[in-house]
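Protein chains in written order, with our numbering: chain A, 1 to 783; chain B, 1 to 166.
Hints listed in this document are in silico derivations from the structure and should not be mistaken for laboratory results.
Beta carbons are placed, not taken as given, at the ideal position from N, Cα and C, and that holds for glycine.
Certain hints may be false.
Pairwise CB distance ranges, derived in the manner of DEER restraints [to be verified]:
1) B/GLN164 x A/MET707: 54 to 60 angstroms
2) A/PRO158 x B/GLU18: 31 to 37 angstroms
3) B/HIS117 x A/ALA22: 24 to 30 angstroms
4) B/GLU29 x A/LYS73: 52 to 58 angstroms
5) B/GLU29 x A/LYS70: 38 to 44 angstroms
6) A/ASP308 x B/GLU131: 48 to 54 angstroms
7) B/SER158 x A/THR610: 55 to 61 angstroms
8) A/GLY152 x B/ASN30: 40 to 46 angstroms
9) A/LYS73 x B/GLU18: 52 to 58 angstroms
10) A/THR121 x B/LYS11: 50 to 56 angstroms
11) A/ALA22 x B/GLU18: 24 to 30 angstroms
12) B/GLU131 x A/PRO648: 21 to 27 angstroms
13) B/HIS117 x A/SER475: 41 to 47 angstroms
Away from chain B, derived, C-beta distances all over 12 angstroms, residues of chain A [claimed, not checked]:
14) ARG9
15) ARG17
16) THR121
17) SER504
18) SER719
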Amino acid sequence: MGIEGVGARVARKEDKRFITGAGRYVDDMVVPGMKHAAFVRSPHAHAQIKKIDVKKAQAMPGVIGVLTGKELKADGIGNLICGWMIHSKDGSPMKMGAWSPLAFDKVRYVGDAVVIVVAETKGQARDAAEAVEITYKELKAVVDASKAMDKGAPQIHPEADNNLIFDWDIGNADDTAAAFQKAAHVVKMDIINNRLVPNAMEPRAALGHYDKAEDHYTCWTTSQNPHVARLVMSAFYNVAPENKLRVIAPDVGGGFGSKIYIYPEEIVCLWASKKTGVPVKWVADRTESFLTDAHGRDHHTHAEMAFDKDHKILGLKVETKANLGAYMSLFSSATPTYLYATLLSGQYNIPAIHANVKAIYTNTAPVDAYRGAGRPEATFVMERMMETAARQFGVSPAELRRKNFITSFPHQTPVIMCYDAGDYAASLDAAMKASDYAGFAKRKAAAAKKGLLRGIGMSCYIEACGIAPSAAVGSLGAGVGLWESAEVRVNAVGTIEVLTGSHSHGQGHETTFAQLVNERFGVPLDSVSIIHGDTDKVQMGMGTYGSRSGAVGMSAIVKALDKVEAKAKKIAAHLLEADEGDIVIENGALKVAGTDKNVPWFQMALAAYTAHNLPGGMEPGLKETAFYDPSNFTFPAGCYICEVEVDPETGTTEIIQFVAADDFGNIINPMIVEGQVHGGLAQGIGQALLEGAHYDNSGQLLTASYMDYTMPRAGDLPSFKVSTSNTPCPGNPLGIKGCGEAGAIGSPPAVINAITDAIGSNDLAMPASPSTVWAAIRATTKH
Amino acid sequence: MSDVSLMVNGKRVNGTAEDRTLLVHFLRENLGLTGTHVGCDTSQCGTCVVHVDGKAVKSCTMLAVQASGSTIVTIEGLANGADLHPVQAAFKEHHGLQCGFCTPGMIMTATDMINRHPEGLDEATVRAELEGNICRCTGYHNIVKAILAASKTMSKASKGKARQAA
């Protein structure tokens, strides 16, 4: 490892622009002639649209256009789709209802877009939006997935009887039933995974520009995957063919999953630009983000785990109702199925598993992948069950887990996944040591003297990243391949550009990807540029989500670097009159091994472009492309331990310490990896203690601003103790697993296990707000 | 429309704005200073913090016309030419930013916080004083570290100056 190579704690190249105010986000973009859009949105959760009257709005100052869904439909713009086909257990395909980018006959959640207003200024667009008169006939709404299939519940889409989208099974029901027959103990729980709002700090935005002379569209958008956006808008939404549509995702202020999806607004802004003849910019305000960004989680689960008399797990049964909201978002069907139920084996040897998932429409915002996507829900089920089992058996939670750990690899679970490598005991030991688990009893006694309830809880999570072999996901219903592309361009002066289909919106790719190049060729980081986020520059890519940019995106770069290295060595061997096999790259030069004969990197590059003296038959230039399709998911895993103090008088929880011991395989930049863990932990702790999206029974979102939705603040969190161990991933050339989501996946059960340990009651909902904790304490004690 | 006259990052700026124009929109749209961000509608997130007459202010809580006559420093004006301000340098060194969207507001808040605490800062104080700035990426861990480090650097620098003056 050099000072800028793989494994080095290098400060980020991209920071300069962000700390000086020179970042370029979509809202910072200005195109000549650009105007501003506001959307008129449904105030009702469920209603028929009787009439839309735009006359008053059209006459308002500065108004350029007021456009409706009927006009959009007449122009042939298509409905939004879900890109992952799930079949129910009876073999029938999922029941997807129509989602028009602008609703014209019916609205199905508060925030559903109905009309776009384009005006000279943002203020004028909003004024005119208020003047649009829409007559609705209100219908009964349902917001709770556990009630949406009840008799008498409103029917949301004609395509989905009883609001059931699919009824899906995984695992083996007979084997699982047989396992429960043999059980000495059965642990049963009802578990709710609370609905969250992702809340990237940059609100979603879109700037659509139609160039009439070229018949060409450009879309600047807050996207984690601009190429997928272009593909979907071309192939399914009929906005424009791919060669006439450029999608640019410039600096993007956080995503956490919510910016994977293609939303109505970018489609409508592009279409409206053509209709009005001006570039159209829309930027969400925060309440629009709360109402319309895809939400996360919202599972209702009943789980049962069977143990033998020695506390070894025999089987697991899980039934989950997943709330998908009012429309099926782009990957909404995959999140509660293949990203959730396939992880229900946790870190444990479980001979038989059977899970059933019902996906259900409600009159709420669409629900899709949010940091962790399915895996936090699976981990919460498993780790609440294990902790509960340990309490019921009166055994150590650590030892119950240890007894059931998977210890030999590869390990085929009963739910598709084949774990390739891991050492779960190593993470457990590291976390117990770092948290001084052995000394907890003393600390608890000391807290009790102060009148405080001290508790400790752990969570041993596993997740699946680097999604995944294209053929495998294709066979499971994915509408896209899940590979990644890279292009490495060596310039004539030896500097290097790497074009990647991954997208950085905080992950630090401009630094870590450059570290790979530095490691390989010795070129300083400053001479390496990473280019991403523009469909005109990067040919194709699948983007960033599911912690895939390391395991998949960087592996593609490695493949392209291999090709560059091979050609560079051929050129050097020719220049040095040596054998190609004897060339090594050291300290920025290509050398004949064991001699002092060398050609500096930049001279080799220059030779490639002057082409005066290349090996016979070799093409000039030095540029290589690679597509990398992974052979398996990767399986990061670890152990988190949370210690809390609860004030029984107020129900307030303070996190005294939080320890994370993760195995991410090999690491490119430890500083960035730690940062990813910190951020994930904050989101997971936020879910456990503070955050929750609440709709009232009429479908109004009660938590639609930062006044009402509790975002974790600095004062809510401790500093974290993080460490890593390493079992390299055998499935990719770098041996890396991915670290982007682990913190959010592993932490919620650790927090809830700690609080329930402190208060002596196992029944506690998330978020464990002071009132919830206080009520749980009151329910178990006599007052 | 009203006239707005400001001193922004050391330069005199005159313009007109609708009466309802917020200071943040005037900075972004009239002056092109897009480093100051808008992350919410309720003055909670702190991505729009600038210095108005030496104090950290959420520029979404103030009308442009109200600010007329004030001296304003935005993130674009914090560095001394090519030399980063110590708080900017500390955010980079300690990885106190990821997506960068909250960063300008964080840095402006942190600078004000350090200036108000010449006696130095501790972790609890930093966390309490960050109440008005939300970050979704970093879990605050490295932001707190960066602010504590910058506070030390700045206090050393001011002691050094004091010694030189003596």
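Taking the hints in turn, this is what the structure says about them:
1. B/GLN164 x A/MET707: 54 to 60 angstroms: violated, 48 angstroms
2. A/PRO158 x B/GLU18: 31 to 37 angstroms: Given range 31 to 37 angstroms: violated, Cβ gap about 46 angstroms.
3. B/HIS117 x A/ALA22: 24 to 30 angstroms: holds, 29 angstroms
4. B/GLU29 x A/LYS73: 52 to 58 angstroms: At 34 angstroms between Cβs, range violated.
5. B/GLU29 x A/LYS70: 38 to 44 angstroms: For B/GLU29 and A/LYS70 the Cβ distance comes to about 33 angstroms; the hint is violated.
6. A/ASP308 x B/GLU131: 48 to 54 angstroms: Holds - the Cβ-Cβ distance for A/ASP308 and B/GLU131, about 51 angstroms, lies within 48 to 54 angstroms.
7. B/SER158 x A/THR610: 55 to 61 angstroms: Cβ of B/SER158 to Cβ of A/THR610: about 56 angstroms, so the range 55 to 61 angstroms holds.
8. A/GLY152 x B/ASN30: 40 to 46 angstroms: Distance hint for A/GLY152, B/ASN30 is violated at roughly 56 angstroms.
9. A/LYS73 x B/GLU18: 52 to 58 angstroms: Violated - the Cβ-Cβ distance for A/LYS73 and B/GLU18, about 36 angstroms, lies outside 52 to 58 angstroms.
10. A/THR121 x B/LYS11: 50 to 56 angstroms: Violated - the Cβ-Cβ distance for A/THR121 and B/LYS11, about 25 angstroms, lies outside 50 to 56 angstroms.
11. A/ALA22 x B/GLU18: 24 to 30 angstroms: holds, 28 angstroms
12. B/GLU131 x A/PRO648: 21 to 27 angstroms: holds, 26 angstroms
13. B/HIS117 x A/SER475: 41 to 47 angstroms: With Cβ atoms ~60 angstroms apart, the hint is violated.
14. ARG9: The assertion about A/ARG9 is violated, with a minimum of 9 angstroms to chain B.
15. ARG17: Violated, since 8 angstroms does not exceed 12 angstroms.
16. THR121: violated, 8 angstroms
17. SER504: Incorrect as stated: the minimum Cβ-Cβ distance to chain B is 9 angstroms, not above 12 angstroms.
18. SER719: violated, 5 angstroms
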